[in-house]
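Engineer: Chain by chain, the residues run as shown.
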Amino acid sequence: MKNKQINYYSVKWIEGSLSDEEFLLFNEYLHSHPLVQKDLEAQKRIHESLVKENQQEANIPDSLRGRVFQSIDHYKYTNSKNDNIIQGTMKKISSKQQWVVAYTFILGMIMGIVIMMFSGNKEPDLMNLSGSMLKNSVCFPSQYHNDKAEVEIETCYNDDILSLTLALSSVEEISTRISFLSNAFEVYAVKFISGNEYSSSQTGYNSVVIDTKGEQNVVIFLKNKTDVSQKIDVSVSDKFVQLFSDQILIEN
Amino acid sequence: MSDSKDDQFLVRAILSGDISAFSTLYNKYEGCIYRLMLKMCGNPNTAEDLAHDAFVKMYENLDRYDSHYKFFSWFYRLSMNIAINAGKRKREVPDNDNYTEPVDDSNPVIVVEKNELKKNMDRWIAMLDIKYRSVVVLKYTQQLSYSEMADILNIPEKKVKSRLYSAREILRTYIQKSGFYEE
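Line by line, the protein sequences are chains V and H. Residue numbers for the first sequence follow the numbering used here, so the first one is 18 and each next one is one higher. Residue numbers for the second sequence follow the numbering used here, so the first one is 2 and each next one is one higher.
These are computed hints drawn from the structure, not numbers from a lab. Do not take every clue at face value.
Stated by the list, open to error - Derived CB-CB ranges, DEER-like: (1) 46(V) - 29(H): 41 to 47 Å; (2) 61(H) - 46(V): 17 to 23 Å; (3) 264(V) - 64(H): 54 to 60 Å; (4) 49(V) - 178(H): 47 to 53 Å; (5) 79(V) - 64(H): 28 to 34 Å; (6) 186(V) - 64(H): 24 to 30 Å; (7) 146(H) - 224(V): 56 to 62 Å; (8) 159(H) - 53(V): 45 to 51 Å.
We put the beta carbon where it would ideally sit given N, CA and C, even for glycine.
Just need the whole structure built from these sequences, with the hints factored in.
Structural biologist: Next up, the structure:
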């Protein structure tokens with residue numbers, strides 16, 4: 018008998034799954050190889066013990082189900098279902114109805130623009146605006162220096178607008194974060210007065226992050242949403258560490 | 002072991018937002034996954050944690066399941082990876098008040114007490130190396146075929162058989178060292 022056959026028959030013999038013909042053939046082999054037979058018989062006993070022992074049912078803890086259902090995000094796949102429903106609904110609108118919706122929307126936009134043009138409240142002209150040109154504003158400087166970066170900030174504010182004019186100078190890339198309470202300020206605009214290929218900004222509902230390298234000048238405009246005194250956090254970091262951290266107090 | 006088409010139908014329903022389909026799938030696999038984890042780790046509390054992790058991970062990754070493959074193979078593979086990784090960090094040997102200390106080899110041959118053997122078997126399985134434990138648990142707890150085990154463990158079928166053979170040999174030495182002799 019070849020080794021491959023012996024291995025094949027051995028596994029089946031242990032598990033009791035040999036056909037009658039295979040059983041007779043293999044039994045003949047085992048009788049002439051008593052050591053192999055003894056070894057397989059021992060294996061068979063272990064196999065049978067394992068089969069019997071694992072027939073017992075384990076008590077599943079009652080808490081498992083609750084834990085699982087509490088942990089899963091029930092809405093993970095329901096949002097995609099809603100998207101499908103929305104898409105399906107849109108398909109049902111007839112082409113005539115779609116044109117009505119489109120014309121109404123365009124008309125509304127035109128009316129909105131007209132109203133804005135003739136309304137009394139004008140937004141600041143950004144092209145000509147810099148911090149010191151804010152009317153009736155309070156201004157004060159802040160400076161931070163070390164061997165890695167120099168940061169000068171001119172803060173100006175009036176009842177409506179706050180501007181932070183940043184003069185940044187660094188050898189390596191730095192990241193300047195301006196953070197504030199979202200109920201106190203809202204980002205209005207970020208304007209690079211002078212920049213280079215390393216200039217970039219990201220705005221959030223309660224922060225502005227300016228990434229720069231070398232000499233750069235940036236103005237950040239925030240809308241004042243409250244008349245209560247507020248603090249603005251400023252932090253400057255390079256790739257590895259925070260270089261400066263400070264608070265600017267806005268007294269209203 | 003499981004109806005693959007039923008599983009895939011449930012998976013599609015879950016991905017369409019039907020949370021009750023997940024409940025059905027959970028009910029189907031709760032017992033076998035918990036038993037799998039219990040045999041792999043040897044501790045009911047740890048088994049519950051691992052089973053929880055397996056179901057949550059399955060749900061979270063359902064959108065990555067490839068329906069060309071059997072669902073239960075994919076789920077079992079995911080579960081086994083969790084169990085194996087947990088086993089690498091910590092191996093628990095189940096408490097067994099009835100564990101018998103090894104006896105002197107010169108003692109007379111003792112007839113195997115099948116009940117005592119059963120009590121100690123969990124302990125001995127937990128003492129196996131993770132690669133042997135995996136095949137023993139999948140074979141005897143889950144009653145999987147060699148091809149299914151090979152698919153889940155991502156090893157050739159031949160290797161599954163040889164590991165199982167080796168695992169039984171190791172268990173045999175544990176039994177002999179524990180003073181159980183066969184008549």
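Engineer: Honestly, which of those hints from before does the structure not fit?
Structural biologist: 2, 3, 4, 6, 8
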